[in-house]
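A.B. asks: Sequence:
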Amino acid sequence: LNCALNTEGDYIGALQHLVIPIALEYQPDLVLVALGLDSAYYDDLLEHGQAIKAHGSCDTEVE
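The sequence shown lines up with residues 1 to 63 when you count with the UniProt record's numbering.
By construction, these hints were calculated from the structure, which means they are not laboratory data. None of the values given here were measured: they were computed from a predicted structure. There may be inaccurate statements among the hints.
Label pairs and their computed distance ranges (CB to CB) [said to hold, decoys possible]:
| hint | residue 1 | residue 2 | range |
| --- | --- | --- | --- |
| 1 | Asp29 | Thr7 | 29 to 35 Å |
| 2 | Val31 | Asp10 | 19 to 25 Å |
| 3 | Thr7 | Gln27 | 29 to 35 Å |
| 4 | Asp29 | Gly9 | 27 to 33 Å |
| 5 | Leu32 | Asp10 | 18 to 24 Å |
| 6 | Gly9 | Val31 | 22 to 28 Å |
| 7 | Thr7 | Leu30 | 28 to 34 Å |
Note that beta-carbon positions come from the ideal geometry of N, C-alpha and C, so glycine has one too.
Generate coordinates for the entire structure from the input sequences, incorporating the hints supplied.
C.D. replies: Set out below in structure tokens:
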């Protein structure tokens, strides 16, 4: 999932269609997430940064 130039839709789609279905099937007792913020919207090194909208959508999907 760590690919350059992903859009907000790419992140949300990966979560909805890949991460959540795998987690539901596996049913882990604990999930650890290494969350890099280099995709953040304000990061000067990445012009296609992820805005707050995608972060909020991911939080909502996981709940």
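A.B. asks: Against this structure, judge whether each hint is valid.
C.D. replies: Tested hints:
| no. | hint | in the structure |
| --- | --- | --- |
| 1 | Asp29 / Thr7: 29 to 35 Å | 33 Å, holds |
| 2 | Val31 / Asp10: 19 to 25 Å | 21 Å, holds |
| 3 | Thr7 / Gln27: 29 to 35 Å | 30 Å, holds |
| 4 | Asp29 / Gly9: 27 to 33 Å | 31 Å, holds |
| 5 | Leu32 / Asp10: 18 to 24 Å | 23 Å, holds |
| 6 | Gly9 / Val31: 22 to 28 Å | 23 Å, holds |
| 7 | Thr7 / Leu30: 28 to 34 Å | 30 Å, holds |
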